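A.B. asks: Counting with the working numbering, you get residues 1 to 130 for the letters of the sequence shown.
Hints should not be assumed to be uniformly reliable.
Okay, derived cross-link-like pairs now, DSSO-like style, lysine-lysine, Cα gap no bigger than 27 Å in a straight line [what the hints assert, rightly or not]:
1. 101 - 121
2. 50 - 121
3. 123 - 101
4. 101 - 129
5. 101 - 64
6. 126 - 101
In case anyone wonders, no lab produced these hints; they're calculated from the structure. All of these numbers come straight from a predicted model, not from anything done at the bench.
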Amino acid sequence: MPINASILPILALTRTETTNTSFTPVYICLIAVIAAIIAANNARLREYIKIRNTRRRGNMAIPKALTANYLGRPCMLATGNFGGNIAGTISAVEENWLQIKTNQGEQLVNSDFVVSIRPLKDKEIKRLKL
């Protein structure tokens, strides 16, 4: 009985072929090496982020001696993401706390979160009514 030519492709698709398993250990080793490289890069990346964040935060409070130079002077204190800027007169410095007189009253600010302190110019003092 002759086989119809249109059935041959269907027979080829239905035939199951055995897979060659001799490369399986090679693939497993390759996947393990790639996973180890990714893990090492992630560890290095975490270490880099940790170092960058400590540099960004500073881990260095503004020294008390430097803040004492601004006692009684109208200043602008920048606190970065922790509340923006504070304009006022620094009235006291104790440990890591700054007491500031502003238009709204007195505020206590932790000097660990102060990014910068700059004295105000006369025009700014008049504008802010300090």
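A.B. asks: Hinted pair, alpha-carbon criterion (27 Å max): residue 101, residue 64. Please report holds or violated.
C.D. replies: 18 Å, holds
A.B. asks: Could you grab the alpha-carbon distance between residue 101 and residue 121 and see if it respects the 27 Å cut-off?
C.D. replies: 17 Å, holds
A.B. asks: Given the hinted pair residue 123 and residue 101, is their alpha-carbon gap at most 27 Å?
C.D. replies: 19 Å, holds
A.B. asks: For a C-alpha distance cap of 27 Å, please report whether residue 50 and residue 121 respect it.
C.D. replies: 38 Å, violated
A.B. asks: Does the structure keep residue 126 and residue 101 at a Cα separation of 27 Å or less?
C.D. replies: 16 Å, holds
A.B. asks: Hey, residue 101 versus residue 129, does the alpha-carbon distance stay inside 27 Å?
C.D. replies: Measuring from Cα to Cα gives roughly 12 Å; hence the hint holds.
In summary, the structure is inconsistent with hint 2 from the numbered list given earlier, while agreeing with all the others.
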